Amino acid sequence: MGAISLRNIVKRYGIGPKANQVIHGVDAEIGDGEFVVIVGPSGCGKSTLLRMVAGLEEITSGEITIAGKVVNDKEPSERDIAMVFQNYALYPHMTVFDNMAYGLRIAKVPVAEIRTRVDQAAKILELGAFLARKPRELSGGQRQRVAMGRAIVRKPAVFLFDEPLSNLDAKLRAQTRLEIQKLHGELRTTSLFVTHDQVEAMTLAERMIVMNAGRIEQIGTPDEVYHRPATTFVAAFIGSPPMNLVRGRASGAGFQAGGQLLPLAAPTPRDGELVVGVRPEHVELVDQLSAATWPLRVQALEMLGAERLVYGTLGETLFTVRLDATAPHPKIGDVVGLRAAPEHLHWFDAATSARVTARPLATTAAP
Amino acid sequence: MVERRPLLTFLTHAVLLVGVVIVAFPVYLTFVASTHTAQDIVQAPMPIVPGDQFLHNYAAALTGSEKGAGSGAPVGRMMWVSLVSALVISIGKIAISLLSAFAIVYFRFPFRMFFFWAIFITLMLPVEVRIFPTYKVISDLHMLNSYAGLTVPLIASATATFLFRQFFLTVPDELVEAARVDGAGPMRFFKDVLVPLSATSIAALFVIQFIYGWNQYLWPLLVTTEESMYPVVIGIKRMIAGGDAQNAWNLVMATAILAMLPPALVVVLMQKWFVKGLVDTEK
Chain A
4 MGAISLRNIV KRYGIGPKAN QVIHGVDAEI GDGEFVVIVG PSGCGKSTLL RMVAGLEEIT
64 SGEITIAGKV VNDKEPSERD IAMVFQNYAL YPHMTVFDNM AYGLRIAKVP VAEIRTRVDQ
124 AAKILELGAF LARKPRELSG GQRQRVAMGR AIVRKPAVFL FDEPLSNLDA KLRAQTRLEI
184 QKLHGELRTT SLFVTHDQVE AMTLAERMIV MNAGRIEQIG TPDEVYHRPA TTFVAAFIGS
244 PPMNLVRGRA SGAGFQAGGQ LLPLAAPTPR DGELVVGVRP EHVELVDQLS AATWPLRVQA
304 LEMLGAERLV YGTLGETLFT VRLDATAPHP KIGDVVGLRA APEHLHWFDA ATSARVTARP
364 LATTAAP
Chain B
347 MVERRPLLTF LTHAVLLVGV VIVAFPVYLT FVASTHTAQD IVQAPMPIVP GDQFLHNYAA
407 ALTGSEKGAG SGAPVGRMMW VSLVSALVIS IGKIAISLLS AFAIVYFRFP FRMFFFWAIF
467 ITLMLPVEVR IFPTYKVISD LHMLNSYAGL TVPLIASATA TFLFRQFFLT VPDELVEAAR
527 VDGAGPMRFF KDVLVPLSAT SIAALFVIQF IYGWNQYLWP LLVTTEESMY PVVIGIKRMI
587 AGGDAQNAWN LVMATAILAM LPPALVVVLM QKWFVKGLVD TEK
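Note that the protein sequences, when read in sequence, are chains A and B.
Counting from 4, one number per residue, gives the positions in the first sequence under the numbering used here.
Counting from 347, one number per residue, gives the positions in the second sequence under the numbering used here.
Be a bit skeptical, because a hint or two may be false.
Said to hold, decoys possible - Capping the alpha-carbon separation at 25 Å, the derived lysine-lysine pairs in PhoX-like fashion look like this:
(1) K126(A) - K111(A)
(2) K158(A) - K137(A)
(3) K158(A) - K126(A)
(4) K111(A) - K537(B)
(5) K158(A) - K185(A)
(6) K126(A) - K72(A)
(7) K618(B) - K77(A)
(8) K158(A) - K72(A)
(9) K137(A) - K537(B)
(10) K137(A) - K618(B)
(11) K618(B) - K537(B)
The set of hints was computed from the structure by calculation and includes no laboratory data.
The model shown is predicted, which means the values in this text are computed figures rather than measured ones.
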């Protein structure tokens, strides 16, 4: 069984002043049996990080250990890992059985043992009827399952998934997501799963690592990441539609955003340049504008079936509100009042974009 | 294009038939001539239906038991020499090209691009261009009148290397990575994945190179001086004496048909692979 630990991982392509650094010192601990999802926009380095764990990319500096052993200089096959690739990477000329058995044959596992392991995996993945087929005779979903079967039969300490669902259609993706969840429930093998899809990340992850531009923005459970985003990036990246972020200046009187003074029910955590975030579903619409509400000028409406999105501007900032489809809704051009409970407001430092928690105690209780 | 015009259908078929006749008639005549006695062939007009000397002529040609004005060397031996040379050339070329393309595509070594271009530039230097220096080398190495002399200079091939390189470049990188995760070393990957994937290219190349090897004329003419090492293509020429000599045309024609058979057979047998290669796009 395998815990993974990443210590100050750096990846640089090229050498000298022209070197292109894509990963800037990443630290993470992944517990034994945990399912961790790395999520981030394309180009954030999440795949590179996974490939470094797999041993397919060299590590410029830092240290990766799997099950307590440093694996920096080990070949992928010596790391006790199995990987599922985005395009499955099945050997086109081999049957499903041979595809799954290939790694075991190289490892010189006895023939009878190979047979039982492949049959077992085929049973779990419902591939029994296809063992004699070639990959090209299978559908996308079946190929995906063969790729997972190839990983399972090796009984590795760690599963690595590199966007394995992105070549499937929406329905199959949802179904495969559930299968992966079920599979992890049965096998309890440490899994590292890379995706750019936040729904995949939220549903699959026990813990998620949100990455941006080669750095980790936040590590936490989907709950934590959703309800307590550590940076404005995480706040805007996780959640659909994304969190509303309004930049302004906090003072005792309230929050001055552009030309608009926004009244607050509770004091801001501190004074100065801040960004306030509030999720579209955490805002209430009130018809009457009052001293306690934020004025929203409605510009567009979108009906999505179960919910309705109201787009408008708050001062100069674009702002989205999510309403139940059955709730009364304003018309385009209306100016309506918004109200958000203080516990639903997220505060970030405007300069560092990091979360600001509470008013520093030092100001009130100086020694 | 689907067109229903009877006249056009008639015309296209007529053109095709004329084409077939133009190509096939000389071959047919060669066959007819190979089944008559030498006297019958030189009559005017020449017979155009097969005669009754088929078995006799072919046996005579293969064993060299009958002799006209030219050489009467047994064709059986020459066919063997041709077959061995053509096989060694085609298999040798494929083996060397596969390995060198593998090296160029999958390994990072110093002067990789230099080697690639060095191989590529030799495309401009076929055997005919470098025939005298090559002859000097082969003769200094005492390889005249040997299978090695007949085949080795023809094996090095830039075309095939280039073809395999282009094919290897289309093999997805993930396949290499999957093999690495599975624990396959480079040669294992080459043997288990790359070569099976190249099967159709190999088959196509084999056909082309076999015919190329079989049809060699100039080079064997230079490096062989003994009758026992002549390939059949030279044999045909040597059976014909110049001037008004009494050539055994029936045997010459039988030899020509015999010389035509193996390449034709290779094409017919390997055709299935071509079609398979075109239908399957497994990658």
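Checklist entry - Is the hinted pair K158(A) and K72(A) satisfied, with a Cα-Cα distance of at most 25 Å? => result holds (18 Å)
Checklist entry - Keeping to a limit of 25 Å between CA atoms, is the pair of K111(A) and K537(B) held or broken? => result holds (17 Å)
Checklist entry - Between K158(A) and K185(A), does the CA-CA distance stay at or below 25 Å? => result holds (17 Å)
Checklist entry - Keeping to a limit of 25 Å between CA atoms, is the pair of K618(B) and K77(A) held or broken? => result Roughly 45 Å between the alpha carbons, so the hint for K618(B) and K77(A) is violated.
Checklist entry - Is the hinted pair K137(A) and K618(B) satisfied, with a Cα-Cα distance of at most 25 Å? => result At roughly 20 Å apart (the allowed maximum being 25 Å), K618(B) and K137(A) satisfy the hint.
Checklist entry - Straight-line Cα separation of K126(A) and K111(A) no greater than 25 Å? => result holds (23 Å)
Checklist entry - Has the given pair, K137(A) with K537(B), been kept, meaning a C-alpha gap of at most 25 Å? => result At roughly 19 Å apart (the allowed maximum being 25 Å), K537(B) and K137(A) satisfy the hint.
Checklist entry - Given the hint that K158(A) pairs with K137(A), does the C-alpha gap stay at or below 25 Å? => result holds (23 Å)
Checklist entry - Taking only the CA atoms, is the gap from K126(A) to K72(A) under or equal to 25 Å? => result Judged against 25 Å, a Cα distance of about 33 Å means the pair is violated.
Checklist entry - Straight-line Cα separation of K618(B) and K537(B) no greater than 25 Å? => result Since the Cα atoms of K618(B) and K537(B) sit roughly 23 Å apart, the hinted pair holds (cutoff 25 Å).
Item to check | Given hint K126(A) paired with K158(A) - CA-CA distance at most 25 Å | outcome: holds (15 Å)
Checked against the numbered hints above, the structure violates hints 6, 7; every other hint is satisfied.
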